[in-house]
Amino acid sequence: MNDDDRVFNALADSNRRFLLDLLFGRDGRPLTELESELEMTRFGVMKHLRVLEEAGLVVTRRSGREKLHFLNPVPILMIHERWIDKYREGRVSALTELKAQLEEQR
Amino acid sequence: MSTSTETTQVYRIYIKASAQAIWDAITKPEWTERYGYTGLVDFDLRSGGAYKVRPTEPFKKESEARFGGELPEVIIDGEVVEADPPHKLVHTFRMLMDPGMAEEPYTRITYEIKELDHMCSLTLTHELEGAPKLAALVRGDQEEYGAGGGHAWVLSELKTLIETGKVFAD
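If you read the protein sequences in the order shown, they are chains E and D. Quick note: the first sequence uses the numbering used here, first residue 1, plus one each step. Quick note: the second sequence uses the numbering used here, first residue 1, plus one each step.
Calculated directly from the structure, the hints in this document are not laboratory data. Here a beta-carbon is modelled for each residue, glycine too, at the ideal position from N, C-alpha and C. Be aware that a few hints might be false.
Unchecked claim - Below, a list of computed lysine-lysine pairs in the DSS-like style, where the Cα atoms sit at most 27 Å apart:
1) D:Lys28 to E:Lys86
2) E:Lys99 to E:Lys86
3) D:Lys28 to D:Lys16
4) D:Lys60 to D:Lys166
5) E:Lys47 to D:Lys114
6) D:Lys16 to D:Lys114
7) E:Lys86 to D:Lys16
8) D:Lys88 to D:Lys28
9) D:Lys60 to E:Lys67
10) D:Lys166 to D:Lys52
11) D:Lys133 to D:Lys16
12) D:Lys28 to D:Lys61
13) E:Lys67 to D:Lys88
14) D:Lys114 to D:Lys60
15) D:Lys52 to D:Lys114
What the hints assert, rightly or not - Not the full set, but computed from the structure, chain E residues with beta-carbon under 7 Å of chain D:
16) Arg26
17) Gly28
18) Val59
19) Phe70
20) Asn72
21) Pro73
22) Val74
23) Leu77
24) Met78
What the hints assert, rightly or not - Sample of chain E residues with no beta-carbon within 10 Å of chain D, all distances over it, derived:
25) Asp21
26) Ser36
27) Glu37
28) Glu39
29) Leu71
30) Glu104
Please work from the sequences and hints to get the whole structure.
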């Protein structure tokens, strides 16, 4: 899997997207806090967090005895630049061309 | 402790370059003027050394035209806490371009560069206790008002510049 595959794969699961939303709401949270928000075993939550971490979407830091999870927005921004801006610009320029053509015909 | 983690932001990016190249791109003005906010950094790279960022002429002109008022000579200041080239840099950071942010306390930025197979990871941790205005800016919340996309955007530009030699604006 390349980096993009890992990010898309990580985002292709509603539980993992929910975990990202939890961190977006409040960042830097330990496992115990996150697992209380999901109806899932601790092991299941850990597995999902690991997938997110391997995709670079979550970065962990140690703080005393706790491991804190932080949302890393960089991979999402890069996917946005690579996959979303590109197509949106395409649409916009197609529309401006259409407008120019229609106006020429008048 | 819970308050400090809630005000900390962490960003990580993978860059196909040597740790030294990444270190240079962060600490040398001839690099920093080519990506992100284009500020000219001035680091005295030893513990207790000064950290200043000055605007380039085009940035100064654009900013003054867009937001009015005169830009200060130094737009960001702080102090180097730890410099361990090319792997770790810790410095304090205060934004002086905006009076509201200039009143906030010094925040703290840590850069960590780790060598991996054929690439490096660059992790930026920004501890923003007591500085909600700066926190919003570096999170990219004010991008639509022309304030740039914050750390995520800066790091993504830094990666593009190091890996390809150019940025989107070129």
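**OP:** With a cut-off of 27 Å on the C-alpha distance, tell me whether Lys28 of chain D and Lys86 of chain E pass.
**Re:** violated, 32 Å
Original post:
Is the interface hint for Asn72 of chain E satisfied, with its Cβ closer than 7 Å to some Cβ of chain D?
Top reply: Since chain D brings a Cβ to about 5 Å from Asn72 of chain E, closer than 7 Å, the hint holds.
Subject >> Straight-line alpha-carbon gap Lys166 of chain D to Lys52 of chain D, limit 27 Å >> reply: holds, 25 Å
Subject >> Restraint status (C-alpha distance of Lys28 of chain D to Lys61 of chain D at most 27 Å) >> reply: Status holds; Cα separation ~22 Å.
Subject >> Proposed interface contact between Leu77 of chain E and chain D, which counts if any beta carbon pair is under 7 Å >> reply: holds, 5 Å
**OP:** Classify the label on Leu71 of chain E as holds or violated, using whether its beta-carbon is more than 10 Å from each beta-carbon of chain D.
**Re:** Check fails; 8 Å does not lie beyond 10 Å.
**OP:** Could you grab the alpha-carbon distance between Lys60 of chain D and Lys67 of chain E and see if it respects the 27 Å cut-off?
**Re:** Given that 27 Å is the threshold and the Cα spacing comes to 42 Å, the pair is violated.
Original post:
Are Met78 of chain E and chain D close enough, Cβ to Cβ, to be under 7 Å, as the hint says?
Top reply: holds, 6 Å
**OP:** Double-check Val74 of chain E for me: the hint is only fine if its C-beta lies closer than 7 Å to a C-beta in chain D.
**Re:** Holds - the Cβ of Val74 of chain E comes within 7 Å of chain D, reaching about 5 Å at its closest.
Original post:
Does the structure keep Lys114 of chain D and Lys60 of chain D at a Cα separation of 27 Å or less?
Top reply: With Cα atoms ~34 Å apart, Lys114 of chain D and Lys60 of chain D exceed 27 Å; violated.
**OP:** Classify the hint on Phe70 of chain E as holds or violated, based on whether any CB of chain D lies nearer than 7 Å to its CB.
**Re:** Cβ of Phe70 of chain E sits 4 Å from chain D, so the hint holds.
Original post:
Against chain D, is Gly28 of chain E within 7 Å by beta-carbon distance?
Top reply: With a minimum Cβ separation of about 3 Å from chain D (threshold 7 Å), the hint on Gly28 of chain E holds.
Checked against the numbered hints above, the structure violates hints 1, 9, 11, 14, 29; every other hint is satisfied.
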